[in-house]
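S.K.: One letter stands for each residue in the lines below.
6 protein chains.
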Amino acid sequence: MNHEELEHFRKYREKMNEKILGSDHLGIKRFFNLDTQAYVDGALNTKTKEMLGLVASMVLRCDDCISYHILRCAEEKVNRAEMIEVFNVALVVGGSIVIPHMRRAFETMEQVLPE
Amino acid sequence: MNHEELEHFRKYREKMNEKILGSDHLGIKRFFNLDTQAYVDGALNTKTKEMLGLVASMVLRCDDCISYHILRCAEEKVNRAEMIEVFNVALVVGGSIVIPHMRRAFETMEQVLPE
Amino acid sequence: MNHEELEHFRKYREKMNEKILGSDHLGIKRFFNLDTQAYVDGALNTKTKEMLGLVASMVLRCDDCISYHILRCAEEKVNRAEMIEVFNVALVVGGSIVIPHMRRAFETMEQVLPE
Amino acid sequence: MNHEELEHFRKYREKMNEKILGSDHLGIKRFFNLDTQAYVDGALNTKTKEMLGLVASMVLRCDDCISYHILRCAEEKVNRAEMIEVFNVALVVGGSIVIPHMRRAFETMEQVLPE
Amino acid sequence: MNHEELEHFRKYREKMNEKILGSDHLGIKRFFNLDTQAYVDGALNTKTKEMLGLVASMVLRCDDCISYHILRCAEEKVNRAEMIEVFNVALVVGGSIVIPHMRRAFETMEQVLPE
Amino acid sequence: MNHEELEHFRKYREKMNEKILGSDHLGIKRFFNLDTQAYVDGALNTKTKEMLGLVASMVLRCDDCISYHILRCAEEKVNRAEMIEVFNVALVVGGSIVIPHMRRAFETMEQVLPE
Numbered sequence: 000m001n002h003e004e005l006e007h008f009r010k011y012r013e014k015m016n017e018k019i020l021g022s023d024h025l026g027i028k029r030f031f032n033l034d035t036q037a038y039v040d041g042a043l044n045t046k047t048k049e050m051l052g053l054v055a056s057m058v059l060r061c062d063d064c065i066s067y068h069i070l071r072c073a074e075e076k077v078n079r080a081e082m083i084e085v086f087n088v089a090l091v092v093g094g095s096i097v098i099p100h101m102r103r104a105f106e107t108m109e110q111v112l113p114e
Numbered sequence: 000m001n002h003e004e005l006e007h008f009r010k011y012r013e014k015m016n017e018k019i020l021g022s023d024h025l026g027i028k029r030f031f032n033l034d035t036q037a038y039v040d041g042a043l044n045t046k047t048k049e050m051l052g053l054v055a056s057m058v059l060r061c062d063d064c065i066s067y068h069i070l071r072c073a074e075e076k077v078n079r080a081e082m083i084e085v086f087n088v089a090l091v092v093g094g095s096i097v098i099p100h101m102r103r104a105f106e107t108m109e110q111v112l113p114e
Numbered sequence: 000m001n002h003e004e005l006e007h008f009r010k011y012r013e014k015m016n017e018k019i020l021g022s023d024h025l026g027i028k029r030f031f032n033l034d035t036q037a038y039v040d041g042a043l044n045t046k047t048k049e050m051l052g053l054v055a056s057m058v059l060r061c062d063d064c065i066s067y068h069i070l071r072c073a074e075e076k077v078n079r080a081e082m083i084e085v086f087n088v089a090l091v092v093g094g095s096i097v098i099p100h101m102r103r104a105f106e107t108m109e110q111v112l113p114e
Numbered sequence: 000m001n002h003e004e005l006e007h008f009r010k011y012r013e014k015m016n017e018k019i020l021g022s023d024h025l026g027i028k029r030f031f032n033l034d035t036q037a038y039v040d041g042a043l044n045t046k047t048k049e050m051l052g053l054v055a056s057m058v059l060r061c062d063d064c065i066s067y068h069i070l071r072c073a074e075e076k077v078n079r080a081e082m083i084e085v086f087n088v089a090l091v092v093g094g095s096i097v098i099p100h101m102r103r104a105f106e107t108m109e110q111v112l113p114e
Numbered sequence: 000m001n002h003e004e005l006e007h008f009r010k011y012r013e014k015m016n017e018k019i020l021g022s023d024h025l026g027i028k029r030f031f032n033l034d035t036q037a038y039v040d041g042a043l044n045t046k047t048k049e050m051l052g053l054v055a056s057m058v059l060r061c062d063d064c065i066s067y068h069i070l071r072c073a074e075e076k077v078n079r080a081e082m083i084e085v086f087n088v089a090l091v092v093g094g095s096i097v098i099p100h101m102r103r104a105f106e107t108m109e110q111v112l113p114e
Numbered sequence: 000m001n002h003e004e005l006e007h008f009r010k011y012r013e014k015m016n017e018k019i020l021g022s023d024h025l026g027i028k029r030f031f032n033l034d035t036q037a038y039v040d041g042a043l044n045t046k047t048k049e050m051l052g053l054v055a056s057m058v059l060r061c062d063d064c065i066s067y068h069i070l071r072c073a074e075e076k077v078n079r080a081e082m083i084e085v086f087n088v089a090l091v092v093g094g095s096i097v098i099p100h101m102r103r104a105f106e107t108m109e110q111v112l113p114e
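Protein chains in written order, with numbering that gives the first Met the number 0: chain S, 0 to 114; chain U, 0 to 114; chain G, 0 to 114; chain L, 0 to 114; chain X, 0 to 114; chain Z, 0 to 114.
Careful, some of the hints might be misleading.
The list makes no distinction among identical chains, and a pair is therefore deemed to hold if it is satisfied within one copy or across any two copies.
Claimed, not checked - DSS-like mimics (lysine-lysine), calculated; alpha carbons at most 27 Å apart, straight line:
(1) K10 / K46
(2) K10 / K28
(3) K76 / K46
(4) K76 / K18
(5) K46 / K28
(6) K28 / K14
(7) K76 / K10
The set of hints was computed from the structure by calculation and includes no laboratory data.
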C-alpha cells in the first residue's frame with residue numbers, strides 16, 4: 000500500500016471497528032478481545048507473535064491484515080531484513096499466488112521501514 | 000497424529016520425495032531446494048522460521064505440513080508453552096475451522112514433546 | 000462498502016453479467032441459472048438460503064459476494080440483529096482474517112438496513 | 000463418514016478437546032467457549048445457526064467440521080430435505096471441489112437421518 | 000494414493016454419487032451434469048481440459064479430485080512428462096503446501112502411468 | 000479490469016518487482032526465476048502452461064494473477080473461445096465465488112482480445 004492507501008486503511012479500520020463494537024454483540028466483542036490478547040507477551044514475545052500474524056496473513060492473502068501486521072511488526076522492532084525473511088517463508092509456503100500481496104506488502108514496508 | 004500415523008508419515012514422505020526428485024524435473028528439484036533453504040538461519044534464526052512454517056501450515060490446514068513443522072520445531076527447541084502459543088495464533092487468525100487440525104497437532108506434539 | 004462503491008458494484012455486476020451471458024457459452028449460462036435457482040424457496044425458504052449464501056461468502060472472503068447477499072438478505076427481511084449473528088458465525092468459523100471483510104460488510108449493512 | 004469413522008471422530012474429538020483444554024491456555028479456552036456460544040439461540044435460533052455452521056464448513060472443506068454440524072443439525076430437527084438444500088448451496092458457492100466432501104457428508108447424513 | 004486407496008476411492012465415488020443423484024435434488028443433478036459437460040471436447044479438447052481440472056484440484060488441495068483427474072488425464076493420453084509439468088505449475092502457483100498432495104499424486108500417477 | 004486498471008497493474012507490477020528483486024534476497028530471487036521457468040516450453044508448450052496458470056489463478060481468486068495470465072495467454076494466441084472455456088472450468092471447479100473474478104477477467108479479456 001502507498002502512503003494514501005495506508006492512511007485510508009488506518010482511519011477506516013478505526014472507524015469501522017468502533018461501529019462493529021458499538022453494535023454490542025457479545026460474541027464479536029469477545030472475539031476482538033481474544034484477537035488482541037493473542038499477540039501479547041507470553042511464552043512467545045510480541046515481536047515473534049506479530050511475525051506469526053504476518054506470515055499467516057500473507058499465506059491467507061488478506062491485504063488489510065498484512066498491512067496491519069507490518070505496522071505492528073515495525074513497532075516491535077522487526078527490521079527490514081527480518082521482515083523480508085517473513086515474506087520469503089510466506090512465498091515458499093503459499094506460492095506465486097502470494098506475489099501480488101508481497102508487492103503491496105513491500106510498498107507498505109517502505110512506508111514504515113524506509114532503507 | 001498418533002505414533003503409528005507419524006511413523007507412516009515420515010516413511011511415506013521420505014519414499015515419495017525420493018521418487019519425485021528421481022523424476023529429474025529441474026523446476027521441482029529447485030523448488031524443493033528453495034523450500035529447504037527458506038528455514039536456514041539468516042536474518043531470522045531457524046527456530047523462528049520453523050514457527051512461521053508451523054503457523055502458516057495451520058491456517059492453510061495441511062496436516063502433513065503441520066506434523067513436519069512440529070517435528071522440526073521440537074528439534075529446534077521450541078518448548079510446549081511456545082508451541083501452544085503458535086497454535087493459539089493459528090486458531091485466532093484461522094478460526095474454528097482450524098480446530099480439527101489443532102487436535103491432530105496436539106497429539107503430534109505429545110509424541111515429540113511429552114509433558 | 001460505502002454508497003458509491005455499492006452503486007458501482009451494482010452497475011458493474013449488471014453490465015458484466017450481460018457480457019458474460021452474451022458470450023453464449025452454454026455451460027456458463029447454465030451455471031448462472033443454477034446459481035439463481037439455489038436460493039429459490041424450497042425445503043428451506045429464500046431468507047434462510049440467503050443467510051447461508053452470506054455466511055459462505057464471508058468465510059471464503061469475497062467482498063462482492065458478501066455485498067450481494069447482504070442486499071438480498073435485506074430484501075428477504077433479515078433484520079440487523081439477525082445479520083450480525085450471521086457475521087458472528089462467519090467470524091468464529093473463519094477467524095480474524097474475516098475481520099476486514101466484516102468491516103466492509105458492516106458498512107454495506109448500514110446502507111441497506113440503517114438503524 | 001461411515002458408522003465406524005463417525006464413532007472414531009466422536010471419541011477422538013472428545014479426548015483431544017479435553018487435552019487441549021487441559022493445557023490451560025486461556026486464549027484457547029476462551030476461543031472454545033466463543034465457538035460454543037456462537038450457536039446458542041439468539042436473534043437467530045440454534046437450528047438456523049447450525050445450518051450456517053454446516054454450509055461454512057462445507058465451502059471451507061473440513062470433513063470433521065462437516066460431520067460435527069450434521070450431527071448437531073440432526074439434533075436440532077433439520078430434516079433430510081433441508082440438509083440436502085444446505086449441501087446444494089455449498090455446492091453452488093464452492094464448486095465441484097466440494098463434491099468429495101459432499102459424498103462423505105451424505106454418508107454421515109445417512110447415519111443420523113436414515114430415510 | 001496406492002493401489003488399494005485408489006480402488007477404494009473409485010468404488011466409494013461410484014456408490015456415493017449414485018446415492019446423491021438418487022436423492023433427486025434437481026440443483027445437485029444439474030450441477031453434476033454441468034461438471035461432466037465442462038470437460039467435453041469444445042474450443043479446447045478434453046485432454047487440455049482434464050489438465051486444467053488437475054492443476055485446479057492441486058492448488059485447491061483436494062486429494063480425491065486430484066486422483067480423479069489423474070485417472071482421466073491418463074485416459075486422454077497425457078504422458079508422464081506432461082503430467083509432471085502440470086504438477087510443477089501447481090507447485091509454483093500453490094507453494095510448498097501443495098507438496099503433500101503432490102506426493103500422493105505421484106503415487107497415483109505410478110499406478111496409471113508406470114514408467 | 001478496465002483499461003486504466005490494467006495499465007496501473009502493469010506499471011505497478013514492474014515497479015514493485017524491481018524493488019523486490021533489488022532487495023537481493025536470494026530465496027525470493029530464485030523463486031521469481033522458478034516462476035518464470037515454469038511457463039517455458041517443455042513437455043507442455045507455453046500456451047498450455049499459461050492456460051494452466053490462468054485456471055489456477057481463477058480458482059484461487061487472485062485478480063492480479065488472473066490479469067497477468069490473460070495477457071500472457073493472449074500473447075500465446077489463446078483465442079476468445081478457448082479463454083472462455085478456461086473460465087468455465089474455473090467456474091465449475093471453484094463455484095459461484097469465482098463469478099466476481101470472472102467479471103473482471105471478462106473485462107480484461109475484452110482489452111486484449113476484442114471481438
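S.K.: For each hint given before, does the structure comply? Return the numbers of the non-compliant ones in rising order.
M.R.: Of the numbered hints given earlier, the structure breaks none, since each of them holds.
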